[in-house]
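Per UniProt numbering, the sequence shown starts with residue 1, numbered consecutively.
Keep in mind the hints are simulated off the structure, nothing from the lab.
This structure is a prediction, so every number in the text was calculated from the model and none was measured.
Possibly wrong hints are sitting among the right ones.
[As the list claims (entries may be wrong)] Ranges of calculated distance between the beta carbons of each label pair, as one might list FRET restraints: (1) Glu-203 <-> Asp-55: 54 to 62 Å; (2) Arg-321 <-> Asp-238: 50 to 58 Å; (3) Pro-51 <-> Arg-93: 39 to 47 Å; (4) Glu-101 <-> Gly-76: 42 to 50 Å; (5) Glu-48 <-> Trp-202: 51 to 59 Å; (6) Val-327 <-> Asp-238: 28 to 36 Å.
Backbone N, C-alpha and C define an ideal beta-carbon position, used for all residues, glycine too.
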Amino acid sequence: MTQKLIKGSRLLVFHRNVCLIHFQLLSTHRPNEFDRVSPHKQHQKLREPIPFVTDVKEVKDPCEALALFEDYHERGFKHHYPSYSSLIYKLARSRRFEAVEMILDHLQNRNIHCNETLFVALIQHYGKAHLVERGIDLFHRMPSFNCFRSRQSLNVLLNTLVDCDQFSKASEIFQQAYEMGFRPNSVTYNIMIKGWIKKGEWEQACNLFNEMLEKRVRPSVVTYNSLLGLLCRNGEMDTALCLFENMIQKGHHPNAVTYALLMEGWCLTGKYKEAKKLMFDMEFHGCKPRPVNYGVLMTHLGKTGNIDEVESLLNEMKKRRLKPDVVTYNILVNYLCKEGRVGDAYKVLVKMQVGGCNPNAATYRMMIDGFCNAGDFDGAMKVLNSMLMSGHCPRLQTFASLIVGLLRGENSDYVCFVLEEMEKRQMRFDAETWRTLVMDACGQDVEIGSRISELISSLH
Numbered sequence: 001m002t003q004k005l006i007k008g009s010r011l012l013v014f015h016r017n018v019c020l021i022h023f024q025l026l027s028t029h030r031p032n033e034f035d036r037v038s039p040h041k042q043h044q045k046l047r048e049p050i051p052f053v054t055d056v057k058e059v060k061d062p063c064e065a066l067a068l069f070e071d072y073h074e075r076g077f078k079h080h081y082p083s084y085s086s087l088i089y090k091l092a093r094s095r096r097f098e099a100v101e102m103i104l105d106h107l108q109n110r111n112i113h114c115n116e117t118l119f120v121a122l123i124q125h126y127g128k129a130h131l132v133e134r135g136i137d138l139f140h141r142m143p144s145f146n147c148f149r150s151r152q153s154l155n156v157l158l159n160t161l162v163d164c165d166q167f168s169k170a171s172e173i174f175q176q177a178y179e180m181g182f183r184p185n186s187v188t189y190n191i192m193i194k195g196w197i198k199k200g201e202w203e204q205a206c207n208l209f210n211e212m213l214e215k216r217v218r219p220s221v222v223t224y225n226s227l228l229g230l231l232c233r234n235g236e237m238d239t240a241l242c243l244f245e246n247m248i249q250k251g252h253h254p255n256a257v258t259y260a261l262l263m264e265g266w267c268l269t270g271k272y273k274e275a276k277k278l279m280f281d282m283e284f285h286g287c288k289p290r291p292v293n294y295g296v297l298m299t300h301l302g303k304t305g306n307i308d309e310v311e312s313l314l315n316e317m318k319k320r321r322l323k324p325d326v327v328t329y330n331i332l333v334n335y336l337c338k339e340g341r342v343g344d345a346y347k348v349l350v351k352m353q354v355g356g357c358n359p360n361a362a363t364y365r366m367m368i369d370g371f372c373n374a375g376d377f378d379g380a381m382k383v384l385n386s387m388l389m390s391g392h393c394p395r396l397q398t399f400a401s402l403i404v405g406l407l408r409g410e411n412s413d414y415v416c417f418v419l420e421e422m423e424k425r426q427m428r429f430d431a432e433t434w435r436t437l438v439m440d441a442c443g444q445d446v447e448i449g450s451r452i453s454e455l456i457s458s459l460h
């Protein structure tokens, strides 16, 4: 099994390098049937679907997308911006950032005009991969692509940095906003307030709120919700209710999220009945309950071990013709898995799909972790396949749990499959994680574990 794993690992590295070679920068273009049209027909052609863009959307493997791009070029198709952007989106979603950078350099060298939406999406993808420096660099490089940076780009970058716990970098860029020609709006301030709140800095968040008012930037419901959220999480319900009243006096109408935050505060202080009462009161005040409000109650019941009541609330939603969303289903799946009822959780997974609600990455991850914790690795692999087919990706921790269980079961074929899927997504364990995994999988057989660890070290 050891030799098979080592062989598989080397093949994967080779496979990745071959994929990067597939895309070659196109400096020449020969006449072809696509060009032999009159100006009038060419104008009409632009309105029709672009063949490559249509085809690449159907391709799931990024290497196949690169090969398809090259194949179209060899057949005489001239690629323009829509082709490049479609390929970049495909590669970025698969975290093939080396290929993305290569194509971007090509676009920059050819002075091809790029839309801002492309860079916004790339900054977000860099953030998801925790490559924030690349996102910052791309933001500063945007003008060199003949692309005008609007406030949207600034806000997306700031939000990405805040979500990646890089608030100091976000704050630095925010301070330079006016110098770069941006006038922060309510969205900009909301993002920065969110950053301070994430750090638990109530006073700093309030200072920024006051700065908004001084600069005549009107706060939104989102602004108030951010401040209310921190107060409610800290159990400061009296202050939260005062802010809630102030919000109404200023002419802002609370939304379902506002009420959900207050409900969460009551639940955290042990006043579940107050939370449930508030959900019915909000409807009286003209705000219809949403899945997020039911979700607060379901989460509290799940934490206190009342799983059956969670299911009852889900059924109540359906009776009131309020369709549960994926987050609502995930709450039930999560607590069923934590209770060891992975079979029941799987039934919920099936029911939600039958009801027209598609699972998200979190749903699949919870199910895989649930099966792994229950020792059912066949079930975990079944869910993993569904997850990968749907375009979602597990976390490294989930992959680690799978590999340990599969190694214990001596299922080397499954292990190689998991490693290959990780490599496709450029997700790798470091040497120390590998040693821990192998020793965990080998249990008491220290000698075998040590030998495998040495072999793994030789691959790094």
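Here's how the hints hold up against the structure:
Between Glu-203 and Asp-55 the beta carbon distance is about 55 Å. The supplied range of 54 to 62 Å therefore holds. In this structure, Arg-321 and Asp-238 break the distance hint of 50 to 58 Å, their C-beta atoms being roughly 36 Å apart. For Pro-51 and Arg-93, the Cβ-Cβ distance of about 21 Å falls outside the hinted range of 39 to 47 Å, so the restraint is violated. A beta carbon spacing of about 27 Å between Glu-101 and Gly-76 contradicts the range 42 to 50 Å that was offered as a hint.
Take Glu-48 and Trp-202: their Cβ atoms lie about 56 Å apart, and the range 51 to 59 Å holds. Between Val-327 and Asp-238, the C-beta spacing of about 29 Å keeps the proposed range 28 to 36 Å intact.
In the structure shown, a violation is registered for the earlier hints numbered 2, 3, 4, in ascending order.
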